[in-house]
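Asks: Residue numbers (my numbering), protein chains in the order written: chain A, 1 to 167; chain B, 1001 to 1180.
Mixed in with the good hints, there may be bad ones.
[Unchecked claim] Restricting the straight-line Cα-Cα distance to at most 30 Å, the calculated cross-link-like pairs of lysine-lysine (DSSO-like) are:
hint : chain 1 : residue 1 : chain 2 : residue 2
1    : A       : Lys-78    : A       : Lys-146
2    : B       : Lys-1063  : A       : Lys-149
3    : A       : Lys-146   : B       : Lys-1160
Hint data in this document are derived by calculation from the structure and do not stem from the laboratory.
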Amino acid sequence: MHSFGYRLNGLLTFSLTILAMMCAIASLSDNLNTPSPSAEIQIMNINWFQKQPQGNDEVSLTMNISADLQSLFTWNTKQLFIFVSAEYETPKNSLNQVSLWDAIIPAKEHAKFWIHTSNKYRFVDQGNNLRGKEFNLTLHWHVMPKTGKMFADKIVLTGYSFPEEYR
Amino acid sequence: MGLIGDTVDSIKSIQTRQLLNQAVSLGMVVTSALIIWKALMCITGSESPVVVVLSGSMEPGFKRGDILFLHMSNDPIRAGEIVVFNVDGREIPIVHRVIKVHERQDSGEVDVLTKGDNNYGDDRLLYAQGQQWLHRHHIMGRAVGFLPYVGWVTIIMTEKPIIKYILIGALGLLVITSKD
């Protein structure tokens, strides 16, 4: 009844159960955090704006992004993945989301930042609908935990528009 | 005689009734594991509710050997989500993040482009020849939960099958020789 194998098995089962419970509690404790993030994005310049030979509009722009995401960090947060996407509607598509810039924030100290950048990924429309188009810039964040459930949310910034003519 | 002697003695002393009893309890263990797996499939709506990360393309978020819990709902796919997708002509599914979404006005179909957080460029090179976008049917699920390191068990077992056999043998012996 009390052989070595039994004891080993019991010990292993017990420690794994405790570990699993601790992981679950750590993940649940994330719900206690009520974050209050803030963000601001300015478009400083439209670098160029043209129609590709294939017929799709492509634009290059320079942005000023500033945000304070420190309140998103908890003890169970491994990192934040953040990105800015342009979101707009066209006659063909009910939603277009194009990621323009992204970053990984590894620690709370880096979560209050300011950056001046042009778009990291190509901003290409499906079609040529961008002239004079109004669009939103959305700052999304995905909280990647040390263990457990992943969280995501966003701040939508409205009122941006493209020039009426290619340049 | 210690551990080995005890084990040999207990094997010798097995009676038919006890043997049957143990066969049944072994069956119970196997079937309950199967029930849990199938129930997870039903709840999450994904054909593989749990996947092991095999590559470093999502580092430092997900490392090799971490496991992800998937969920497949009818919610539309949106930029930023981490999805697991199958590409035609590739056996192993890929876990990457969605960076572009174009959703049709009329049919609601989506064109999706993905990228690994740790990769320099987007995934068009990984897709089938000439494929520009992923569609709904390529996507097996989206990642909702994360558990570090646990996947190493399966990675080790697939890469070193001998360990798998030793483990199965040891567990089997434990079940057979246990008396309750």
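Asks: Each hint needs a verdict: does it hold in this structure or not?
Replies: Against the structure, the hints:
Our distance criterion of 30 Å between C-alpha atoms is met by Lys-78(A) and Lys-146(A), whose separation comes to about 5 Å. Simply put, Lys-1063(B) and Lys-149(A) have alpha-carbon atoms about 16 Å apart, close enough for the 30 Å limit, and the pair holds. Under the criterion of a C-alpha separation no larger than 30 Å, the hint pairing Lys-146(A) with Lys-1160(B) is consistent with the structure, at around 28 Å.
Comparing the model with each numbered hint stated earlier shows that all of them hold.
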